[in-house]
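Asks: Residue numbers (this note's numbering), protein chains in the order written: chain A, 1 to 117; chain B, 118 to 345.
No wet-lab data here; the hints were simulated from the structure. By construction, the Cβ of each residue, glycine as well, lies at the ideal position given by its N, Cα and C atoms. Treat the hints loosely; a few may be bogus.
Said to hold, decoys possible - Among the chain B residues that face chain A by a calculated CB cut under 7 Å, a handful are:
#	residue
1	I120
2	V125
3	V129
4	H212
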Amino acid sequence: MHEMSLAAAILEQLEELARDHPGKRITRVRLAWGELQQINEYALREALKLITEDGPMKGVELDLLVEPARGRCSDCGEPYDLVNGEQRCPTCGGRQVDLLLDKPLTLEQIELTGETE
Amino acid sequence: MGIERIRVDKKVLQSNDEIAEANRLRLAQLGLTGVNLIASPGAGKTSLLVATLRALHGRLRCCVVEGDLATSQDADRIAALDVPVWQINTGGACHLSARQVADAFDQLPLAGNDLVLIENVGNLVCPTSFDLGEHAKVALLSMPEGDDKPSKYPGTFARAAAVVVTKADLADHVDFDLDRVERDIRRLNPHCRILVTSAKTGEGIGPWCDFLGEQVAANRTATDRDAS
Numbered sequence: 001m002h003e004m005s006l007a008a009a010i011l012e013q014l015e016e017l018a019r020d021h022p023g024k025r026i027t028r029v030r031l032a033w034g035e036l037q038q039i040n041e042y043a044l045r046e047a048l049k050l051i052t053e054d055g056p057m058k059g060v061e062l063d064l065l066v067e068p069a070r071g072r073c074s075d076c077g078e079p080y081d082l083v084n085g086e087q088r089c090p091t092c093g094g095r096q097v098d099l100l101l102d103k104p105l106t107l108e109q110i111e112l113t114g115e116t117e
Numbered sequence: 118m119g120i121e122r123i124r125v126d127k128k129v130l131q132s133n134d135e136i137a138e139a140n141r142l143r144l145a146q147l148g149l150t151g152v153n154l155i156a157s158p159g160a161g162k163t164s165l166l167v168a169t170l171r172a173l174h175g176r177l178r179c180c181v182v183e184g185d186l187a188t189s190q191d192a193d194r195i196a197a198l199d200v201p202v203w204q205i206n207t208g209g210a211c212h213l214s215a216r217q218v219a220d221a222f223d224q225l226p227l228a229g230n231d232l233v234l235i236e237n238v239g240n241l242v243c244p245t246s247f248d249l250g251e252h253a254k255v256a257l258l259s260m261p262e263g264d265d266k267p268s269k270y271p272g273t274f275a276r277a278a279a280v281v282v283t284k285a286d287l288a289d290h291v292d293f294d295l296d297r298v299e300r301d302i303r304r305l306n307p308h309c310r311i312l313v314t315s316a317k318t319g320e321g322i323g324p325w326c327d328f329l330g331e332q333v334a335a336n337r338t339a340t341d342r343d344a345s
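Input sequences plus hints: build the corresponding full structure.
Replies: Structure below.
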């Protein structure tokens, strides 16, 4: 359940962004991560809901995007996306892959409205 | 009232990663190599550490950071070997953070050592996301846990410089297909070192210690190269 730690780190960044935009309210947040990050989407959503419940971000809309990891085929060297953790090179059918990129949990975008309640 | 959209693109664990980077630099400046041991509860992390520290005695100077939810039982086992150790109690958190490890480094006599072994909280999922400033992650997998773990926890095994299979003395009592484990690990991590060990019989402890020695030597070479 490291999702609660992650939610706390997200809240910290959101509060900092809110301070930079006085008089506005964060209403929507987009987060993305690679599928090998072992982050549970449901647990993160629940943790964020719980942690924002008593503050100005209560009810914030969450767009959570899980992105495929990217690897390079160990046999033919072609890079490709690993969808659902399945590794099979579309070029040569090779099953081994060097991991090139698995996106760390990233706060990508926020939306703010001018009204404060 | 209009909606303002702002592109942020910031890593959520940025502040953890910055502290981890500072930890790594601190170790490098002292000529130390850090290894982060990740495994399920009961995989035999502390028993492997005890066997390792005994085998490395007189060869590499080690210190240890222990991470657990509660108690100092693990640290007591290490301290009994006269090895410097600092116990972190996370009080429920399922992983170590770079900040906790930085605080532990403040408490340890780091200077004069070659290797700091960090035993993470028993958990095959969460510790993987938190960089501690180590030079290598090592995943442990005990034979009784089952040979399906690398395919079920790909993120952990994909990031490990080595996988240590533990409790090999139980091989005759459990159905553990080592070929399957090797195949599943190599699919996502072709260059991973796979070492089969038993802390009880001493099997494989030599090659595992050789691996740690290689990590220390490689890290020293890299640090010297950066310095020149």
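Asks: Hint compliance check: list the failing hint numbers for this structure, sorted ascending.
Replies: Checked against the structure, no hint fails, so every one of them is satisfied.
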